[in-house]
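J.: These protein sequence lines map, in sequence, to chains D and B.
For the first sequence, the numbering used here gives the first residue as 1, with consecutive numbering after it.
For the second sequence, the numbering used here gives the first residue as 1001, with consecutive numbering after it.
Bear in mind the hints are in silico, worked out from the structure with no lab data behind them.
One or more of the hints may lead you astray.
Claimed, not checked - Computed list of chain D residues with no C-beta within reach of chain B, every gap over 10 angstroms:
(1) Lys-15
(2) Asp-56
(3) Phe-65
(4) Ser-73
(5) Leu-91
(6) Gly-108
Stated by the list, open to error - Calculated lysine to any residue pairs in the SDA-like style (CA-CA distance at most 25 angstroms, straight line):
(7) B/Lys-1112 x B/Leu-1007
(8) B/Lys-1042 x D/Ser-38
(9) B/Lys-1042 x D/Thr-78
(10) B/Lys-1042 x D/Val-116
Said to hold, decoys possible - Partial pick of chain D residues on the chain B-facing surface, computed with a CB cut under 7 angstroms:
(11) Gly-42
(12) Phe-45
(13) Tyr-48
(14) Gly-51
(15) Phe-107
Just so you know, these numbers come straight off a predicted model, no measurement behind them.
Yeah, the Cβ is synthetic: ideal placement off N, Cα and C, and Gly gets one too.
If you want the building blocks of each chain, they are given just below.
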Amino acid sequence: GAGVSQSPSNKVTEKGKDVELRCDPISGHTALYWYRQSLGQGLEFLIYFQGNSAPDKSGLPSDRFSAERTGGSVSTLTIQRTQQEDSAVYLCASSLPPGARDTEAFFGQGTRLTVV
Amino acid sequence: AQSVTQLDSHVSVSEGTPVLLRCNYSSSYSPSLFWYVQHPNKGLQLLLKYTSAATLVKGINGFEAEFKKSETSFHLTKPSAHMSDAAEYFCVVSVPPGGGNKLTFGTGTQLKVEL
Chain D
1 GAGVSQSPSN
11 KVTEKGKDVE
21 LRCDPISGHT
31 ALYWYRQSLG
41 QGLEFLIYFQ
51 GNSAPDKSGL
61 PSDRFSAERT
71 GGSVSTLTIQ
81 RTQQEDSAVY
91 LCASSLPPGA
101 RDTEAFFGQG
111 TRLTVV
Chain B
1001 AQSVTQLDSH
1011 VSVSEGTPVL
1021 LRCNYSSSYS
1031 PSLFWYVQHP
1041 NKGLQLLLKY
1051 TSAATLVKGI
1061 NGFEAEFKKS
1071 ETSFHLTKPS
1081 AHMSDAAEYF
1091 CVVSVPPGGG
1101 NKLTFGTGTQ
1111 LKVEL
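Required output: the full structure, derived from the provided sequences and hints.
T.: Pasting the structure below:
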């Protein structure tokens, strides 16, 4: 596609339910990032995938959070047993491999998650 | 590890006056540096980037930034603010050069432009 696509754009869920957020990166981008943006706060790094390397999961806030990237393309961020503090906008970004000429990250529009 | 500090959480300027948004970084390696802008209810858009070429970088909408290694700074400037510049601006550092590692964001600077 032309850009990074995230779905759904909005998600309202009940506390305790599991949710899955999807990210379709730009074709050919081997790097994929997930960030979380809470109201009035900056962007919090969650997880980073680069090609076939082991992902950098150092930003995942708890073991309720997990992410996978199938076939080096689409990624799914899963939050189990959601809590109200999980409410935020979840942003996905992708970029070309290191060493490429243009390696800036391109961001999707985000998924606004509201836990009620 | 790298980090980035945006020195002002809010900046307010009058339309037509210069804009200065300050950013300092910390990195053990030569960094790549970026400025992103986020308009209300919109996605993040790249304004400009520094990746070890020219230290003065020009971006979109008249913005530019200068990489100063001695001061570990990458301040964003614009000679004349426009109402449409009102948004949140994020300074971002990435190591190694080329964005091949996770992006570390500053906490953001909210720019307000008044008539």
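J.: Hints broken by the structure, by number, lowest first?
T.: 2, 5, 6, 14
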